[in-house]
Each structure stands twice: as C-alpha cells, then as structure tokens.
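Taken in sequence, the protein lines are chains A and Y. Here our numbering is used: the first residue of the first sequence is 1, the next is one more, and so on. Here our numbering is used: the first residue of the second sequence is 1, the next is one more, and so on.
If you are wondering where the hints come from, they were derived from the structure by calculation, not from laboratory data. Wrong hints could be hidden among the right ones.
[As the list claims (entries may be wrong)] Taking lysine-lysine and the DSSO-like style, the derived pairs with C-alpha atoms no more than 27 Å apart in a straight line are:
1) A:Lys27 - Y:Lys160
2) Y:Lys364 - A:Lys27
3) A:Lys21 - Y:Lys163
4) Y:Lys370 - Y:Lys78
5) Y:Lys64 - Y:Lys347
6) Y:Lys304 - A:Lys25
7) Y:Lys36 - Y:Lys82
8) Y:Lys165 - Y:Lys36
9) Y:Lys165 - A:Lys21
10) Y:Lys400 - A:Lys25
11) Y:Lys133 - A:Lys21
[To be verified] Derived, one-sided and incomplete: chain A residues facing chain Y with beta-carbon distance under 8 Å:
12) Cys17
13) Glu18
14) Glu22
15) Glu32
16) Phe47
17) Ala57
18) Asn58
Remember, predicted model here, so these are calculated numbers, not experimental data. Ideal Cβ placement from N, Cα and C applies to all residues, glycine included.
Here is what each chain is made of, one letter per residue.
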Amino acid sequence: MKKILFIFALFVSLQSCESVKEYQKSKINDTEMALTAKKTEKFENTFQLYREASSGANGGKTGGGCGCN
Amino acid sequence: MKKRIITAAFLAFLFSQQSKAQTDTINSGYKKQKLKIEEINFVSSYYTQNGDNSAVTGGVGTEKLTDIATNFEVLLSKKDSKNNIHSFDVNVGIDSYTSASSDKIDPSTVSSASYQDIRVYPSVNYNFENVEKRYALNAGLSFSAEFDYTSIGANVGYTKTSKDKNREFSVKGMAFFDTWKVILPIEIRNNPTDNDANHLDTKPRTSYNLGLTLSQVINKNFQMAFLADFGYQEGLLATKFNRVYFDDLSVRSEKLPSTRFKIPLGVRANYYLNDRIILRTFYRYYYDNWNINSHTVSIEPSIKLTPFSSLSLPYRYYMQSAAKYFDAINQHQLTDEYYTSDYDLSKFSSNMIGLGYHLTDSDKGIFHIKRIHSLEMRYGYYTRNNGLSSHIITLALQFK
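Extracted from the complex, chain A is given alone in its bound form (with noise of 0.2 Å):
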C-alpha cells in the first residue's frame, strides 16, 4: 500500500499546475473526466456501504436507511 501511495505521490508531483483557460478544457470537460461517481455507481456505492464498515469521501450514500440485511 505504501509503494502505491508513493508511486502516486510522485506521479503527482511530476504534474505541474498550470492555468488552463475555457477553449482548452475539451479533454478536461469529457464525461469520463468528472471529479464525481458516475451515475451508474450509485447502487455499487450503496452496497459498498452496507457490506464494508466504511463510508463517505465517495460521492454515496452516507446516511438515511439502516442497510441492516
């Protein structure tokens, strides 16, 4: 785990911030490119959540339901 968050760490850091105006955001702008869980992993997500101990940071379900069967 820690090799990948390193290999991770580094790949980011070899990545520049760079000021991207509007007309150059056609990659950035792509369906697949969303910061947000698609559409169709809602209910992955849901059950994610019933079946794991654990929660949030994902975009899901974080409350509302007991999820107890």
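Given chain A, put chain Y in place with the hints provided.
For chain Y alone, coordinates are given in the frame of chain A:
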C-alpha cells in the same frame, strides 16, 4: 402494463411542461423565464449476493439476498433577471429486496423462503448559483421509509469557484434523524439480554456529516479532487435482531456503543491519457473510533470506441481491520461490554471487477429516440475473502 402507461404519461406531461416553459421564455423575454427541465435520469439495478456468515444467526448461515433498486430524478432550472441560476433536483428511489437471513429472526411467522421489504426514499434539493461572483448555495431534504426504519435528512452546502475556474472548494453539512422499530430475535423477546431496548420499542439514531471537497485542474489532461467526510453518529447503532453466541453457548442480541466517529479521506485523480484512453482513479483512507481502519483503491480505464461510445473496465480493491467489538460465533465472553458477530465489521479484503458501456448521442438520440441523450450499463462482480460474493448490473438512461 399499468405502470408503463403511468410512466409514459408522466414523461409526456414533463416534456410538455418543458416545451411550454421554453415557449413562454421566447414570448415573454429573459426576466420571466420559467423553470425548465434540464434532464431526467432513470437508474435501475439488480443486485444479488450469497455468503455463509449471516449476522442474524450469529455469524453462520446464509446471507442470500436480492435487491431491485430504481431511481428517478428530474433536474429543473431557470435564470433570474440577474443571471443567477436556480436549480431543483427532485428524486424518488424505491428498493425492493428479499433476504433469506431475515426469515431467521422469527422463523415461525414467515411462510415463504425469504423475507421481503420495500424502501422508498424521495428527496428534493435546491441550488442557487451566482455566476458573476462564482459561488453557489444549496439545501435539501430527504426521507426514507421501510418496515422497521424511517429516516429524515437535511443538508446545506456552499461552493466557491476560482476566477479561472480551475479550482473549486465546497463544504456540505448533512444531518439524518432516523427511528428504529426494534425487533428482537424470537427467543429473547420476552427476556431482553440488555437495557438497550425491548421488542417493538422505537429508538433514535442520528447521523451528522461534514463533507469538504477541493478540486483542482492540474493541466489540460489531468484533474484531481481531495475529499473529507467527517461523520458522527449517536443513538441505537446496533442491529438488535442480530444474534451473538457466547463461549458458554448462551445467546444475546447484538450490543454496540451508542456513538461512532468516522474520518474518511479520499482523493480522485482522472487523467486523459490519449484520445482513446481515460484513467479514472480513486483512493480512500478510513478510520473510526471502533478501531476500523480501511483502504480503498480503484482504477477504471475508459476506452473510447467511437466519439459517442466508450467501454470501461473498473477494478476496486478494499481491505479493512476488524471492529474491536467483533468476534466469531462462541468466541465472545460474558464479561464483554459490547459484542457483535456481524462479518461486515470483521477483518477482510475484497475485490471487485466490472465492465461498463456508455453511449451518448445528443443529435440523433439513442435508438433514434431524440429524447434519450445517453445510455450507460455497468456490471460488477464482488468477492470477499471470507466467502461472500455478489453480482450487480445497472442501467442508466438520461433524457433531455
């Protein structure tokens, strides 16, 4: 058939209202713009699982469960005279499930092989966006009801976007006020094993969440989001129909502390590798005061087949430590203050692989139906190293 006719009539009504709103806008001008429908989303999924660690029967026994979930969402918006955008998100969800383990709470009263229930959860959210000053305010209400559980939720949020629109910060507060109707296992209904609750008592559970998100465009191909979702729960957090068998073979109802504090921290990073491949990645670290630590990693390469369609191959790995109150059947001691044999709170790791397909065509529409703007399908196969496995298939349609 009747449901289909009602759904078709409802959609026809919504679209006729949309056309009317657009006509009114043209005739009466900018200031009198009415609400118009931006999009309608329909999402439906079928989920099935099996395993041999049911919490109802003390950590042994079937966990067979099926769930059909459907969600219907309508997004409406309008601009006011100052060019501010007002948006409404109206949502209704219905889950229908059968759970074999729920039969075991009181086997004598259930005639079928599985216990059934339906959960209904409507919600409404309002968003105000000041385009000139680059901020948004939002608020919402939600409700959820099933046989033994109701939940009322409220949320408020604030979003601020940077001048160059490359950075965005948002904060969101949520509160859920839930009520349990306590159901105890049949053999201890007349003799509860703790002071938490008696059979058919109503008990509260309250959850508070504070979510913080910072998203940043790194360059033309790469953007990231950092997420934190602090959570606090109080009230009846144990599921009282779950059994726990002790080392002297006696049985009690699950007992857990009345408070829980959660800290999940996540990061999303999406990279446009080239004109054919986009990489979606996610990592989350989670800690709570029941001593659960977890790591979640997911990666999803998305491959563009044509300008309008793509195929994705999601993979997710998850691992968690056990809650300090968990033990297997016949392992708990009578001196334990809190106890559970729910394997969702045990130490395990899981893998999920899947396949997704996305088709969009705003000109011709999907299947040459102009109103259907996009179609998305996704399948996932999930396995846990303690034997539980599941399948989920989801269909999402977007109408505009």
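### Message
Just to be careful: measuring from the Cβ of Glu22 (chain A) to every Cβ in chain Y, is the smallest value less than 8 Å?
### Response
7 Å, holds
### Message
Next pair to validate is Lys165 (chain Y) with Lys36 (chain Y); report whether the Cα-Cα distance is within 27 Å.
### Response
26 Å, holds
### Query
Between Lys27 (chain A) and Lys160 (chain Y), is the straight-line Cα distance small enough, at 27 Å or below?
22 Å, holds
### Query
Is Lys370 (chain Y) within 27 Å of Lys78 (chain Y), Cα to Cα?
23 Å, holds
### Message
Holds or violated: Lys64 (chain Y) and Lys347 (chain Y), Cα atoms, limit 27 Å.
### Response
20 Å, holds
### Message
What's the verdict on Lys400 (chain Y) and Lys25 (chain A), does the C-alpha distance respect the 27 Å limit or exceed it?
### Response
Roughly 23 Å between the alpha carbons, so the hint for Lys400 (chain Y) and Lys25 (chain A) holds.
#### Entry: Asn58 (chain A) as an interface hint toward chain Y, with CB separation required under 8 Å
Hint on Asn58 (chain A): holds, closest Cβ of chain Y at ~6 Å, below 8 Å.
### Agreement of Lys364 (chain Y) and Lys27 (chain A) with the hint, judged by alpha carbon distance not exceeding 27 Å
23 Å, holds
### Phe47 (chain A) as an interface hint toward chain Y, with CB separation required under 8 Å
6 Å, holds
#### Entry: Distance restraint between Lys165 (chain Y) and Lys21 (chain A), which requires alpha-carbon spacing of 27 Å or less
8 Å, holds
### Query
Has the given pair, Lys21 (chain A) with Lys163 (chain Y), been kept, meaning a C-alpha gap of at most 27 Å?
11 Å, holds
### Message
Hint Glu32 (chain A) vs chain Y: min CB-CB distance below 8 Å?
### Response
4 Å, holds
When held up to the earlier numbered hints, the structure conflicts with none and fits them all.
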